[in-house]
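Chain order of the listed sequences is F and G.
Residues 1 to 225, numbered by the working numbering, are exactly what the first sequence covers, in order.
Residues 1001 to 1488, numbered by the working numbering, are exactly what the second sequence covers, in order.
Treat the hints with care, as some may be off.
[To be verified] Among the chain F residues that face chain G by a calculated CB cut under 10 angstroms, a handful are: (1) Leu9; (2) Ser17; (3) Pro43; (4) Pro70; (5) Tyr73.
[Claimed, not checked] Covered stretches of chain G (chain F as the covering partner; in silico rule of three or more C-beta atoms under 8 angstroms from a C-beta of chain F): (6) 1098-1112; (7) 1116-1124; (8) 1291-1298.
Since the hints were made in silico from the structure, they are not lab data.
Glycine included, every Cβ here is placed at the ideal spot set by N, Cα and C.
Residues per chain are reported as follows:
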Amino acid sequence: MSADQNHNLSSGPDGASDESIQKVHAELLTNKTEPAEGFKLMPLFLLGFVSTMIFVTSIYVVHYRAGFSPMVYDERFDPKTAAGSASKELTPEQVIAAGKKSYQQVCATCHQVNGMGVAGVYPPLVDSEWVTGNEERVVRVLLHGLNGNIEVHGKTYNGAMPAFGKVPGGGYNWNEEKISHVLTYIRQEWGNKAEPISKAKVAEVLAKEAARTKPWTAPELEPFK
Amino acid sequence: MATDSHNPKHKSDCALAPSCDASVIDASLRAPLTVLITSALIWLLVAGTLSVVAAWQLHTPSFFNNCEYVTYGRIQPAQSSVFIYGWGFNAAFAVSLWLMARLSRGALPGCGVLLLGTVFWNVGVTVGVGGILAGFSTSLASLEMPGFATPLLWVAYALIAAWSFVVFRAGRSQQLFASQWYLFVALLAFPWIYAIAQIMLVFVPVRGTVQSVIQAWFAGNLFLLWFASIALAAIYYFLPKLLKKPVSSYYLASTGFWWLVVFGSWAGITRLIGGPVPAWVQTFGAAATFMLLVPLVIFVLNFLGSLAGNGALLKDSYPLRFITFGVFALLLVLLAWVFGAVHGFAAITQFTYFTAAEAQLGYYGFFTMVIFGALYAIVPRVFATAWANDALIGVHFVASAIGVTLVVGSLAIGGINQGLQLADASIAFTSVTSATLPYLFSASVGCVLIAIGQLAFAINFFWTLANASACCVSSVKQLLSAQPEATR
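Please model the complete structure; the sequences and the hints are all you need to start from.
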């Protein structure tokens, strides 16, 4: 900097003296704005550089903050996409637990906690061919509901099963995942031993019956027996 | 005589104060600096020997493997502790005390407590290193000394560091210079970071991941806020003094200072990238490290700007040669920190010998070389005699410069190579390890060269001390009679 050349340190054979070092540098600090030689490029460059650093680093922090979560160890984590992908990979035990929770909150009101139902109105789920049989049928029942008489183990029941799926007139609007959990639960609880039902299967059935607007009746479900 | 000649223009500032005469200040520091530099050099020789043994054991594991006290697992932490707390701290105390006294223009009013503190410090380091060799290491990098040694260090630190504030208070100077900013930060930061690290890691250990965060925070701060700050203080003082011209773009120095202090204290966490700590902690560490680019640019303008066009002076001035080497090492080490914070780069270098190269570059190439340069300038002034042998200084510089370059270069290249091979699943782990052998061997050759340079420095120092001792006896009497004046 040419400004520095205006300041000379007093020096001996031993180097510059301490007093002159301090005095000259103190002047350099206080006189930095002196417009002696007009336009200076360096302060402008530094201002731009410092601003760029602050800007870029702030973006970096926001982008890789990983939700400030103590449980996240990968800086590329994004809570939005991670929420779906995390529950997609539930273990079989977690699926059963999730299904049991939904069942006890809602289904157990009619079908009872022990799955035995109520005589004449709500059919039992234990060892029922409707539950452990063809998955096409049980998925349809849950999605759109079921009205009218149905027969289980030789006894007739006449209740009104509401629609749980995201269908017209459905009061519950459960997503495919929740439906697959609760179906897997009732197919494997109380001694039932049927295959689990996947979310994809539920979605497939829902797509096939997209035009349906009212609950099923037992005769209508004969083809899916 | 090594007194500064005063320009009549500035003389009026301190004409009334006897303590502003540089020779009185130097004389008052003669006894403590003798003890501090002597202990620093003895520890340096011990550290040099231990580093050769440890480096040799890395590629020849049978070396000294029949005695548990000198196995690699104990030698390496002992070497690191001797180097940091034995050499590094004693030398930093000596340089910071002298710089503060000269810049504040205050003489040391007495040195009894200071000498007691130095004795405590060295006893503490001896106990700590003995504890490591006996198997009581804490296993925390740069905090290896066992808990029974460290409280003594803390007390000793207080007894020693307080005198820098005493001479500042006693001094007549009205201006604060950049060197003093850095000295204050170093002197005030160390007790804080050391106490936090000792309490939270050794005495009342915190649980789990937090330990590694605190350890990385401590190691980063120990380097940037203590060692680098002391060395920067020396650079800011000796560059204008030896070049006989002001620091160029000096008005930027305060910006560089604040950015280094504020962001540097976070930057150490970068070494946890890829480790088992929450991602946001790593991100903050990396962001703070990126910010070090600002002080880096300012150091380039300040230091390289001052040095530009003064290459001829390097030939005559040994202190300037060491300090210039240190300046380049500082710029390189800051650059290595910034690159190490980039995830793609860290994925290769993290947990390889590259980090060891970075540490060597910082602690030896930068801090130690700058301190060597400072001592080459300080000793003749304090002892009022020239260095005993110029050839030994040349040996010291050449051996150190080649040695450091060899150690840092081979560990860095070997580390990157190691990282690339580790990332390749088709290469067996044992062949990755054996591929590092040639690099480790050339690094130990570098350690031997460094040790030769240290030996040359020690011989030269004790020779000079012997030359000066004759007049020292008389000057102690002089000092005793001068003291009542100096304390005023």
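If any of the earlier hints don't hold here, list their numbers in rising order.
7
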